[in-house]
Amino acid sequence: MAAVTPTVRQLLRSHYRELTLSERKFANALVQDYPNAGLASITAAAERAGVSAPVVARMVQKLGFKGYPQFHQALLQELQAKVSGPTERRAVWATEAPESHMLNRFAGAVTQNLTQTFANVDTAQFDAAARLLASDAGVYIVGGRITRSLAEYAFTHFQAIREGVTHLTSSPATWPHYVLDMEDGDALLIFDMRRYEENLLRLAEIASERRVRVILVTDQWASPVAGLAEATFHCWGEIPSAWDSNIATLSLVEALIAATQEERWPEARERFEQLDSLFEMTRLFRRP
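Following UniProt numbering, the numbering of the sequence shown begins with 1 at its first residue and continues without gaps.
In short, the hints are calculated from the structure, not lab data. Note that beta-carbon positions come from the ideal geometry of N, C-alpha and C, so glycine has one too. One or more hints might be untrue.
[To be verified] As a list, the in silico DMTMM-like pairs of lysine to aspartate or glutamate whose alpha-carbon atoms are at most 25 Å apart:
no., residue 1, residue 2
1, K62, E78
2, K66, E78
3, K62, D127
4, K66, E18
5, K25, D186
6, K62, D136
7, K62, E152
8, K25, E47
9, K62, D33
10, K25, D122
11, K66, E47
12, K62, E47
13, K66, D33
[As the list claims (entries may be wrong)] Derived DEER-like restraints, expressed as beta-carbon distance ranges:
no., residue 1, residue 2, range
14, L39, F106, 26 to 36 Å
15, D127, N36, 29 to 39 Å
16, S241, I206, 43 to 53 Å
17, S14, I206, 54 to 64 Å
18, Q70, T20, 16 to 26 Å
19, K66, A173, 21 to 31 Å
20, E152, R131, 53 to 63 Å
21, I206, Q70, 20 to 30 Å
22, K66, E230, 13 to 23 Å
23, Q125, L250, 31 to 41 Å
24, R202, Q125, 17 to 27 Å
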């Protein structure tokens with residue numbers, strides 16, 4: 001199976017140290033308004049960033065593109081991928097799928113997604129997010145139409161590790177009730193994948209106005225919520241299906257759960273022991 005093509009955003013990150021100050025100025029402008037800042041002509045894009053067209057041309061070549069047209073096309077393809085639905089996704093796989101069993105193709109895609117996801121995690125950002133989730137600040141968790149199951153999974157584990165964790169319901173009409181209790185410094189963990197949801201963006205905006213610290217788990221193209229988040233984790237999910245996979249996303253979440261648990265140990269251990277005692281009292285689980 002062909003290697004996963006990195007996004008322009010990821011190329012900027014990996015090559016950033018090689019860029020000159022002027023090239024970094026354009027790179028920063030592109031990241032701040034991604035991908036729109038790169039969809040104009042090279043002259044217009046350069047003017048908006050306050051640099052010259054030759055600066056832009058040199059930068060895109062350092063990213064591995066032959067020229068600005070190829071760079072521009074890559075951004076357009078990413079934009080198309082962001083808005084594609086299940087039918088369009090399946091069509092891509094149907095035309096490109098090799099003649100091998102679905103299980104092999106699926107396993108290869110999932111393995112690549114996991115590798116790509118964890119290779120692009122900023123470890124400093126990951127550690128900071130784990131410390132925030134382990135702190136005494138309140139933690140609020142919310143997901144979208146598909147990702148609400150991930151939000152519930154995260155809530156179940158974080159709530160076992162620490163107190164003060166709240167899972168927002170799937171109904172946006174109830175969200176103002178939760179926002180009412182959010183305080184300066186609290187954390188809002190948001191799951192938002194492509195076909196991004198306007199309700200989640202608006203929630204992030206309102207929460208940010210209350211100085212709530214947003215942690216975003218999204219795909220490789222990035223939800224608009226990324227513009228408000230202090231920590232953003234990109235998870236690759238393309239598979240030979242009409243749907244995206246959440247395996248890499250779930251793995252990233254489990255890594256955050258494990259790191260948060262370690263940050264709060266031994267308090268978390270005491271909480272686990274109390275939970276076990278309560279489970280024993282309720283006889284919820286079968287004895288071995």
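Tested hints:
no. : hint                       : in the structure
1   : K62 with E78               : holds (19 Å)
2   : K66 with E78               : holds (18 Å)
3   : K62 with D127              : violated (30 Å)
4   : K66 with E18               : holds (17 Å)
5   : K25 with D186              : violated (32 Å)
6   : K62 with D136              : violated (44 Å)
7   : K62 with E152              : violated (42 Å)
8   : K25 with E47               : holds (11 Å)
9   : K62 with D33               : holds (20 Å)
10  : K25 with D122              : holds (21 Å)
11  : K66 with E47               : holds (21 Å)
12  : K62 with E47               : holds (20 Å)
13  : K66 with D33               : holds (23 Å)
14  : L39 with F106: 26 to 36 Å  : holds (33 Å)
15  : D127 with N36: 29 to 39 Å  : holds (31 Å)
16  : S241 with I206: 43 to 53 Å : violated (34 Å)
17  : S14 with I206: 54 to 64 Å  : violated (34 Å)
18  : Q70 with T20: 16 to 26 Å   : holds (21 Å)
19  : K66 with A173: 21 to 31 Å  : violated (50 Å)
20  : E152 with R131: 53 to 63 Å : violated (23 Å)
21  : I206 with Q70: 20 to 30 Å  : violated (40 Å)
22  : K66 with E230: 13 to 23 Å  : violated (36 Å)
23  : Q125 with L250: 31 to 41 Å : violated (19 Å)
24  : R202 with Q125: 17 to 27 Å : holds (24 Å)
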